[in-house]
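Residue numbers (our numbering), protein chains in the order written: chain A, 1 to 360; chain B, 1001 to 1510.
Hints in this document: simulated from the structure, not taken from any laboratory. Be aware that one or more of the hints could be misleading.
[Claimed, not checked] Mimicking DSSO-like on lysine-lysine, the simulated pairs with C-alpha atoms at most 30 Å apart in a straight line are:
| # | chain 1 | residue 1 | chain 2 | residue 2 |
| --- | --- | --- | --- | --- |
| 1 | B | K1389 | B | K1195 |
| 2 | A | K244 | B | K1484 |
| 3 | B | K1484 | B | K1417 |
| 4 | B | K1074 | A | K7 |
| 5 | A | K345 | B | K1200 |
| 6 | B | K1262 | B | K1195 |
| 7 | B | K1195 | B | K1242 |
| 8 | B | K1262 | B | K1200 |
| 9 | B | K1376 | A | K244 |
| 10 | A | K345 | B | K1231 |
| 11 | B | K1213 | B | K1262 |
| 12 | B | K1213 | B | K1389 |
| 13 | A | K141 | A | K244 |
| 14 | B | K1262 | B | K1242 |
| 15 | B | K1074 | B | K1048 |
| 16 | A | K7 | B | K1200 |
| 17 | A | K345 | A | K7 |
| 18 | B | K1231 | B | K1200 |
| 19 | B | K1242 | B | K1200 |
| 20 | B | K1181 | B | K1195 |
| 21 | B | K1213 | B | K1048 |
| 22 | B | K1074 | B | K1231 |
| 23 | A | K7 | B | K1376 |
| 24 | B | K1389 | A | K7 |
| 25 | B | K1213 | B | K1242 |
| 26 | B | K1181 | A | K345 |
| 27 | A | K141 | B | K1262 |
| 28 | B | K1231 | B | K1242 |
| 29 | A | K345 | B | K1048 |
| 30 | B | K1213 | A | K7 |
| 31 | A | K345 | B | K1389 |
| 32 | B | K1389 | B | K1231 |
| 33 | B | K1231 | B | K1262 |
| 34 | A | K7 | B | K1048 |
[Unchecked claim] What follows is a list of derived Cβ distance ranges for each label pair:
| # | chain 1 | residue 1 | chain 2 | residue 2 | range |
| --- | --- | --- | --- | --- | --- |
| 35 | B | G1392 | A | N143 | 48 to 58 Å |
| 36 | B | K1417 | A | F137 | 38 to 48 Å |
| 37 | B | G1125 | A | Y17 | 51 to 61 Å |
| 38 | B | T1377 | A | I211 | 20 to 30 Å |
| 39 | B | D1267 | A | W114 | 53 to 63 Å |
| 40 | A | L142 | B | N1256 | 16 to 26 Å |
Glycine residues also receive a C-beta, built at the ideal position from the N, C-alpha and C atoms.
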Amino acid sequence: MQFRLEKRREPSRLMSYATPFAAVLLTMVLGAVVFSLIGYNGIGAVREIFLTPLTNPYKWQDLGIKAAPLIIIGTGLSIAYRANVWNIGAEGQYVMGGLAGTGIALLTYGMTGWWVLPLMVLAGILGGMAYAAIPAFLRTKLNVNEILTSLMLTYASVQLIYYLIRAPWKDPMGMGFPQTRLFSEAARLPTIIPGTIVHLGVPIAIIVGLIAWFIMTRSVFGYRMRVVGAAPHAARYGGFSENKTIWLAMLVSGGLAGLAGVLEVAGPFQRMVPGFPTNYGFTAIIVAFLGRLNPLGVILAGIVLAITFVGGEVAQTTIGLPNAATGIFQAMMLFFLLAGDILIKYRLRRVSPQPSVGAA
Amino acid sequence: MPNRLELTGITKQFPGVLANDHVSFAVKPGEIHALLGENGAGKSTLVKMIYGIMQPDAGEIRWNDEPVMVANPKAARKLGIGMVFQHFSLFEALTVLENIALGMDAKIPSRELESRIRGVMETYGLALDPHRTVATLSVGERQRIEIVRALLLNPQLLIMDEPTSVLTPQEVDQLFTVLRKLAAEGCSILYISHKLHEIKALCDTATILRAGKLVDTCDPRQETSRSMAEKMIGTGLKDIVKAAGRTFGPPKLVVNRLSTGKTGHFDVPVDNVSFTVRAGEILGIAGVAGNGQNALLDALSGELIGDDSEAITIDGLGIGLLNTTERRRQGLCAVPEERNGHAAVGDFTLSDNSVLTARDRLGMVMMGLINSGAAKTYTGRVIADFAVKALGPASTAGSLSGGNLQKYIMGRETLQKPSVLVVSQPTWGVDAGAAAAIHQALVDLSMAGSAIVVISQDLDELRALCDTLAVINMGRLSEARPVKEFNVEEIGLLMGGVHGATEGTDAIPA
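Bound-form chain B, shown alone:
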């Protein structure tokens, strides 16, 4: 049988960087093929060329043994290539059906489209009501819309870009069932992910890229997660070094019945959340995206200020009414999930970005004037200590890759030695090498006596990193327990909103 897709010598040059350097591999019909690599290894560029968003500078793409030139995504869809992006393009105020109709190349009468959608859903077990408004759907359900949209075109190749980063373990299992069924019918799948155990569970072949070059094409079932990660980063992988039998100090960050008002139309507020983090402890907060994590981070960092001073205390001092600047002075630093535009300003230099959060703690301001020399020195230290790939403190934040920007931001906050650090998605979209460095920095900070809260959707990360774990669902937090007492099944159920009898957040109505 001819290969479904065959790439030969694909090369793509961007100003200053060779994104793909003579990459060649083939995908067979019905094969689930993983595309692995660090951030900036060239996976996205490669996929964009297959889907026609950009054109290769050199090399050949063969589709079912015919050389093709994919001019644009519409041409790709015409060939039978479908793609589900990491970030969905859905209108929240419209229904599932309307969203799908808007994305179709051909105009199909709504009734016919609906019956075809129902057909696809039935075939693949994708439960979804076409008349629900997208705003009311979970992230997993939203992803199903994108999958249905792609499947309506009867693709012969489906490209999935980091599809599981926002799903609960149960939703991941459902997704894998769908993908396996598709593959059994002969549809090839090109699967991009960082999660190596998923690739081991799902994929037949894995192609590993590093710095734009193809490193290896292997059978993931013959490899360990570690061996694949090492191929991705090119060196040995470091484990998190955590002193055994650590003891925790007195309670440092105490959150007592914290609630937030509803801020945006589709935001989930925090509802009566209480927890305690001791000195030296790392508390993990698991949960599916969109369950109040953003509101919780904003409420802790001071971007949202409540009306109860005692709702948040550090070392017994109520900080619930303080703003972000005052909370930083009290030793609380925070890293929000969104890097560009929230944790950092893309158009500013790294040096100026250091002024954003470190100006008061590190004495960068004298009589209203900014000491740019101090900012530059500090930024240089962050770049060196966290191995940030940047030209220097004068590079703009926007010119860094996502992973490097995250390393810079994590470095900027941890090197301030906060006594309480709250981070959301510390390694989201960050490669294995950088993730290990960030994890180690968090552990080191906790061993120095800081209390740390890690909000993440990555269960592997939380289980490896944290001492205690709680689960957030619809703005409410489950009781925090030592992480060893949880099994994945139980966390998954809590994430889906099934609370146990021991639930600690049920409040007496005030």
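Bound conformation, chain A alone:
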């Protein structure tokens, strides 16, 4: 029995919805096998990582606050990736958004007023945009690949945190710890469900996803992103300049990463600490692809990836799985997804074995 890939006449819609689910399932199966082989309780690991966060209501709030930044950043990335603009440096833009928000929080330290938080959010968005503008400028003016520049700038942004919290922004009462002082009340993100840690960022993430979905499907902006990504030559013919699209894609994805950053620093952290960069910006790349570069899909994918984060922590304590296990599961998911994508444009067909060439 032989199988052969055959090109479909139309890309399969069914497959484009089915492969993300298949990728998650395959990850669970293969994850169980791999961790069993290296001596852990594989099935237990999969259960703890993928099911416990869902079945245990105490974990739901963790899911929400982990999913929020992933959804916000993933939404921005899904827009940029649609246009084939490969912003890999969302982590850096997230950090810069967080730092810009921190700057405002420290400047307004001790002040009260409803305007502090919106000002921080605005600064965060602008900070992320400004940091994404560097790769956009280099790409459009000097044709420097944005993958490299945006990625490398991530490491620069982390160093900037270390510098700021060790010298100018260091908490004067912090007993030498490298961190800023705790933000004043006006600069902290309120929780929306009393008694939990679920902050305002969670509903904001859902709203961002929904608005982005509407814009991408209905507006000329969304059309521009899709047509530039699908056929750059046709986009030019249709009147969409490539450089303007690169700028828009970088600014939108950078701005949303910055938004996630400021919400994160004003919400769960409430101060800038060395541990602020938590790889949300990189994980959001998986979120964007698992969500099929569709903002609605990104909301779901953000929750799935949040499950692996929360579940990974659970598995660490319950069955002693190393922290890196989470990363392995996430990477497997991306690989299965990318591999499964071939089924969207191709179908697998069984062919009967054929007799070999009868060269007469």
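Fit chain B to the supplied structure of chain A, relying on the hints for placement.
Below, chain B alone, put in the same frame as chain A:
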């Protein structure tokens, strides 16, 4: 003598379409056999099965009276079947010799290969320097590389897929001489083309396919071009209806000393081109592919923007600095040569493709939002008016055959009623029935008062369609003259770069 190639009951099923339905015909040794049919009639599929790119679902292929199973192109070449594709597979940065060496199944020392190449060239009068870089060669010369590559294997059957679509009339004559010589030596030739007069001039037998079925096998010399075209499309053929004694209005599109910079490594830029198209006039621009046609289209459509506002004017208004969107608002629409990926997005629905160029002219955008209902309605009208074979506005552009996609694109632009329409290769690879419909649409648009520029390599098309004609060569345009004043010989010479004394584009250095 046994038949060289005999097909019996060849059938090939694709999802949703029967590409070949019990096709049977035979090619004799030394015969030049034409394979005719509309786009999507199944010619390519049939040829791909002979050359081993795909396998038939049913039926038998006999080669020199032996049943064979051609597993892949390598096996086909081993049998003695050579093929020259419509689209060449050559590396532009490599030499002729290197390109040929890369395509050989067996490893042959370069010196021996060179002497064999020179031998083949001498035998068939194919002049070509093996050490020239492909990028410096004309399309006709590039085709010779492909032919030499096929002939090095001493084929008993040579398959040629639309070989003349890119050649000047003189190059076509040279090609026919080579093919006749090959046939005289006993090599059979399977010749696929849309150009019926060429088939009449060259071929001994013609097999006509329609919708995957064999319609007729006839002697093209006993048929007229019209009778063959009617067999291909299955109905009577319509002539272009053009009102006699038309008069033209005032100048509409005036191009004055238009030049473009060099964009790509191997692109030919437009060099100081001037012409005028009046309201109601169709100007044809003839020329061999790769002589600046793409740059000219891009410069007119606004994809390339120059630095002189007055280089292009519509009704006296300078549009040289406007981008494509603004030019469309001024009434200039354009259709580039490449359909998939340039004029249309293959992965998008037809409805979304209508948004690409019609969104502003037809009010499909309100406050930054797309009115998808309007796009759908308009697309439905294009599909109906231009008889596009598609399931509906929600079909993706990539699922349409080349000819149908072209009909859709031409419909999308002409139904916007542009005051100036610039089209490149409007009927390239389109069957006779669809071509007639597209030609009629262009004529109707011109009669409604639009100025039309048709860039094409098909001289028959230009002579039938246009009122005035100019020839582009190396980015420079000859003077436009009424099409009746030209004879084919003269156009051919201009296409080859021999300019007459009346040449109007010689510029005073600025």
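Hints, verified against the model:
The hinted pair formed by K1389/B and K1195/B meets the criterion: a straight-line CA distance of about 23 Å does not exceed 30 Å. As the CA atoms of K244/A and K1484/B are separated by approximately 47 Å, the hinted pair breaks the 30 Å bound. With a C-alpha separation of about 28 Å, the suggested pairing of K1484/B with K1417/B holds against the 30 Å cut-off. At roughly 22 Å between alpha-carbon atoms, K1074/B and K7/A fall within 30 Å of each other, so this suggested pair holds.
Simply put, K345/A and K1200/B have alpha-carbon atoms about 42 Å apart, too far for the 30 Å limit, and the pair is violated. For the given pair, K1262/B sits about 34 Å from K1195/B by alpha-carbon distance, which is inconsistent with the 30 Å threshold. Between K1195/B and K1242/B the alpha-carbon distance is near 23 Å, which keeps this suggested pair within the 30 Å criterion. Between K1262/B and K1200/B the alpha-carbon distance is near 41 Å, which puts this suggested pair outside the 30 Å criterion.
For the hint linking K1376/B to K244/A, the alpha-carbon distance of about 28 Å falls within 30 Å, and the restraint holds. This hinted pair does not check out: K345/A and K1231/B have alpha carbons roughly 36 Å apart, beyond 30 Å. For the hint pairing K1213/B with K1262/B, the CA-to-CA distance comes to about 47 Å; that exceeds 30 Å, so the pair is violated. At most 30 Å may separate the alpha-carbon atoms for a hinted pair to count; K1213/B and K1389/B meet this at roughly 18 Å.
A distance of roughly 12 Å separates the Cα atoms of K141/A and K244/A; the hinted pair therefore holds under the 30 Å criterion. The straight-line distance between the Cα atoms of K1262/B and K1242/B is roughly 39 Å, outside the 30 Å bound, and the hint therefore fails. Of the supplied pair hints, the one linking K1074/B and K1048/B holds, its CA atoms being roughly 13 Å apart against a limit of 30 Å. For the given pair, K7/A sits about 37 Å from K1200/B by alpha-carbon distance, which is inconsistent with the 30 Å threshold.
Between K345/A and K7/A the CA atoms are separated by roughly 6 Å; this keeps the pair inside 30 Å, and the hint holds. Note on K1231/B and K1200/B: the hinted pairing holds, with a Cα-Cα distance of about 15 Å set against a maximum of 30 Å. Among the hinted pairs, K1242/B with K1200/B is consistent with the structure: their alpha-carbon atoms are about 27 Å apart, no more than 30 Å. Of the pairs offered as hints, the one joining K1181/B and K1195/B holds, with about 21 Å between alpha carbons and a cut-off of 30 Å not exceeded.
A hinted pair counts as satisfied when its Cα atoms are at most 30 Å apart, and K1213/B with K1048/B qualifies at roughly 16 Å. For the proposed pair K1074/B and K1231/B, the alpha carbon gap of about 35 Å is over 30 Å, so the pair is violated. A hinted pair counts as satisfied when its Cα atoms are at most 30 Å apart, and K7/A with K1376/B qualifies at roughly 28 Å. Straight-line distance between C-alpha atoms of K1389/B and K7/A comes to about 21 Å, which keeps the hinted pair within the 30 Å bound.
For the proposed pair K1213/B and K1242/B, the alpha carbon gap of about 34 Å is over 30 Å, so the pair is violated. For the hint pairing K1181/B with K345/A, the CA-to-CA distance comes to about 45 Å; that exceeds 30 Å, so the pair is violated. Distance hint between K141/A and K1262/B is fulfilled; the C-alpha atoms sit about 19 Å from each other, no more than 30 Å. Straight-line distance between C-alpha atoms of K1231/B and K1242/B comes to about 25 Å, which keeps the hinted pair within the 30 Å bound.
Distance restraint check for K345/A and K1048/B: the Cα-Cα separation of roughly 22 Å lies within the 30 Å cut-off, and the hinted pair is therefore satisfied. Under the criterion of a C-alpha separation no larger than 30 Å, the hint pairing K1213/B with K7/A is consistent with the structure, at around 24 Å. For the proposed pair K345/A and K1389/B, the alpha carbon gap of about 22 Å is at most 30 Å, so the pair holds. Proposed proximity of K1389/B and K1231/B is supported: the alpha carbons are some 20 Å apart, at most 30 Å.
For the proposed pair K1231/B and K1262/B, the alpha carbon gap of about 46 Å is over 30 Å, so the pair is violated. For the suggested pair K7/A and K1048/B, the alpha carbons sit about 16 Å apart, so the restraint of at most 30 Å is met. Judged by the Cβ atoms, the range 48 to 58 Å given for G1392/B and N143/A is violated: they are separated by roughly 41 Å. The supplied range of 38 to 48 Å is met by K1417/B and F137/A, whose beta-carbon atoms lie about 42 Å from each other.
Checking the proposed 51 to 61 Å range against G1125/B and Y17/A shows it holds: the Cβ atoms sit about 60 Å from each other. In this structure the supplied range 20 to 30 Å holds for T1377/B paired with I211/A, their Cβ-Cβ distance being about 28 Å. At roughly 59 Å, the beta carbons of D1267/B and W114/A sit within the given window of 53 to 63 Å. Distance hint check: the CB atoms of L142/A and N1256/B are about 35 Å apart, inconsistent with the given range 16 to 26 Å.
The structure shown violates the earlier hints numbered 2, 5, 6, 8, 10, 11, 14, 16, 22, 25, 26, 33, 35 and 40.
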